[in-house]
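Participant: Next come the chains, spelled out residue by residue.
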Amino acid sequence: MLTVVAPGPLTTVQDLGRPGLAGIGVGRSGACDRAAAALANRLVGNDPGAAVLEATLGGLAVRAEADLVVVTTGARPAGGPAHDAPVALRAGATLRLGTPAAGLRTYLAVRGGIAVEPVLGSRSTDLLAGLGPPALRAGDVLPVGTPSGPMPGVDVAPVPDPPGGELTVRLLPGPRSDWLTGDALDVLATAAWTVTTESNRVGLRLAGPPLERRETGELPSEGLVRGALQVPPSGTPVLFLADAPVTGGYPVAGYVADPDVDRCGQLRPGQTLRLRR
Amino acid sequence: MRVLPSGSTALLVELDDLDAVLALHAALEEDRPPGVVDLVPAARTVLVVTDPAVTTLAAVEAALRRVTPRPGHQGPGELLELPVVYDGEDLGDVADHLGVDPGEVVRRHSDTEWTVAFSGFAPGFGYLTPAAGAWDLPRRPSPRTRVPAGSVALAGGFTGVYPRESPGGWQLVGHTDVAVFDLARDPAALLRPGVRVRFVPC
Numbered sequence: 001m002l003t004v005v006a007p008g009p010l011t012t013v014q015d016l017g018r019p020g021l022a023g024i025g026v027g028r029s030g031a032c033d034r035a036a037a038a039l040a041n042r043l044v045g046n047d048p049g050a051a052v053l054e055a056t057l058g059g060l061a062v063r064a065e066a067d068l069v070v071v072t073t074g075a076r077p078a079g080g081p082a083h084d085a086p087v088a089l090r091a092g093a094t095l096r097l098g099t100p101a102a103g104l105r106t107y108l109a110v111r112g113g114i115a116v117e118p119v120l121g122s123r124s125t126d127l128l129a130g131l132g133p134p135a136l137r138a139g140d141v142l143p144v145g146t147p148s149g150p151m152p153g154v155d156v157a158p159v160p161d162p163p164g165g166e167l168t169v170r171l172l173p174g175p176r177s178d179w180l181t182g183d184a185l186d187v188l189a190t191a192a193w194t195v196t197t198e199s200n201r202v203g204l205r206l207a208g209p210p211l212e213r214r215e216t217g218e219l220p221s222e223g224l225v226r227g228a229l230q231v232p233p234s235g236t237p238v239l240f241l242a243d244a245p246v247t248g249g250y251p252v253a254g255y256v257a258d259p260d261v262d263r264c265g266q267l268r269p270g271q272t273l274r275l276r277r
Numbered sequence: 001m002r003v004l005p006s007g008s009t010a011l012l013v014e015l016d017d018l019d020a021v022l023a024l025h026a027a028l029e030e031d032r033p034p035g036v037v038d039l040v041p042a043a044r045t046v047l048v049v050t051d052p053a054v055t056t057l058a059a060v061e062a063a064l065r066r067v068t069p070r071p072g073h074q075g076p077g078e079l080l081e082l083p084v085v086y087d088g089e090d091l092g093d094v095a096d097h098l099g100v101d102p103g104e105v106v107r108r109h110s111d112t113e114w115t116v117a118f119s120g121f122a123p124g125f126g127y128l129t130p131a132a133g134a135w136d137l138p139r140r141p142s143p144r145t146r147v148p149a150g151s152v153a154l155a156g157g158f159t160g161v162y163p164r165e166s167p168g169g170w171q172l173v174g175h176t177d178v179a180v181f182d183l184a185r186d187p188a189a190l191l192r193p194g195v196r197v198r199f200v201p202c
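Going line by line, the protein sequences match chains A and B. Every letter in the first sequence is one number past the one before it in this note's numbering, and letter 113, counting from 1, is 113. Every letter in the second sequence is one number past the one before it in this note's numbering, and letter 52, counting from 1, is 52.
In case anyone wonders, no lab produced these hints; they're calculated from the structure. Treat each hint with caution, since some may be false.
Stretches of chain B that chain A covers, calculated by requiring three or more beta carbons in the stretch to come under 8 Å of a beta carbon on chain A [as the list claims (entries may be wrong)]:
1. 1-15
2. 37-47
3. 110-124
4. 187-199
Calculated Cβ distances over 10 Å to all of chain A for the following chain B residues [to be verified]:
5. PRO52
6. THR68
7. ASP93
8. ARG140
9. LEU183
Since we're looking at a predicted model, the values are computed, not measured. Don't be surprised by glycine CBs; every beta carbon is placed ideally from N, CA and C.
Let the hints inform the model, and build the full structure from the sequences given.
Facilitator: Here it is, written out as structure tokens:
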């Protein structure tokens with residue numbers, strides 16, 4: 001078991017999410033940076049579907065109630081002794097995640113996985129749909145599962161930390177770029193987009209030159225997935241992340257290539273995002 | 001059928017109308033091309049979500065173009081009766097829009113058999129289409145920030161029931177005390193695609 005001493009600004013339980021439930025209006029959700037969460041599970045010998053903790057801007061403190069093996073990945077917490085490297089956390093010991101110098105989301109995996117009760121087949125918290133366990137609070141006690149496989153025998157995974165300055169990702173066509181004037185993809189690809197404070201697990205609200213609508217009619221809602229760059233009436237795009245809605249009623253002008261959406265999930269307000277065709 | 005790009009993992013298929021959407025969706029549910037992990041039907045489109053580790057978008061597009069749509073294959077699903085108090089704030093506006101009195105709106109809404117065509121907006125929110133009659137109503141000019149759970153509403157040819165309190169732009173005609181989405185129940189969602197619904201005035 002693991003006791004939450006402090007949850008920090010926002011910590012949720014996340015796994016691979018709930019794919020395949022669009023039929024009842026349930027989106028996928030899951031870790032914002034899937035690659036970092038997957039790495040955390042691999043480093044402690046967990047199944048890829050095991051649940052981890054996703055801490056936003058550090059601040060998370062947890063106390064081990066038994067001898068555990070843990071690892072952090074994603075945004076590197078300040079002052080931590082090890083990152084991307086599994087460590088022992090003895091019974092009674094407390095692990096505190098400092099605020100990362102760069103990146104937004106730190107993943108904490110425990111060998112055996114966080115074993116809270118699944119909801120509709122997943123332990124992920126979907127903040128948009130209001131599904132899954134609530135965000136962690138001080139005093140919460142989290143059960144830990146039984147390890148399913150051997151430790152991989154890796155001391156440290158050599159992966160780069162999320163960048164602190166500008167991030168460039170690949171831009172792909174979306175279904176409704178023709179709803180905007182000119183070549184919307186060119187505008188998306190030339191501007192420097194600033195991540196605003198109105199950003200969360202649902203998406204990044206970007207500031208930059210507004211895109212203008214050519215079609216003014218009402219678009220019937222249609223399906224979308226993470227990576228979608230949706231253009232609401234304000235003209236500045238929203239880049240959808242893990243807790244994206246199942247359908248949206250505004251035109252999607254472009255998409256960020258799916259593997260790059262993980263890196264967008266590490267962007268903080270004020271950082272610059274560039275989209276390259 | 002128009003196949004539109006949707007990034008590196010999905011394709012958006014645009015069709016002429018909802019019947020064509022349901023026919024294609026039924027065919028794809030019956031025989032899913034390999035690597036398709038989710039299907040999101042909507043009013044005029046089907047989003048086909050793939051697993052890039054298993055397939056390519058080109059292979060899925062080729063498979064989509066070979067599919068024979070299956071019209072009329074959505075139902076008939078179970079019949080659900082939902083008790084409704086027709087006390088919605090927009091009942092008068094809806095009546096004006098249809099050029100009838102509020103009692104006639106209630107009669108038409110409750111005399112009609114509705115079928116869940118697809119879901120979206122929130123977990124358990126079904127878009128229901130009428131077996132007969134036209135209900136082409138606009139959304140509210142500005143959405144409400146709070147629509148109570150259980151509200152029965154109309155917009156754009158559909159009726160629906162809000163599963164929980166949320167913002168919303170549909171025209172409110174009444175409310176039901178039945179929880180249409182309840183995680184403690186299996187199935188959690190009452191309004192699943194294919195389920196037929198009668199609204200019973202009470």
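Participant: Now look at each hint and say whether the structure bears it out.
Facilitator: Hints, verified against the model:
1. 1-15: With 9 residues in contact (Cβ-Cβ under 8 Å with chain A), the coverage given for the stretch 1-15 of chain B holds.
2. 37-47: holds (count 11)
3. 110-124: holds (count 7)
4. 187-199: holds (count 5)
5. PRO52: It is violated; PRO52(B) is separated from chain A by about 7 Å at its closest Cβ, not greater than 10 Å.
6. THR68: holds (21 Å)
7. ASP93: holds (18 Å)
8. ARG140: holds (13 Å)
9. LEU183: violated (6 Å)
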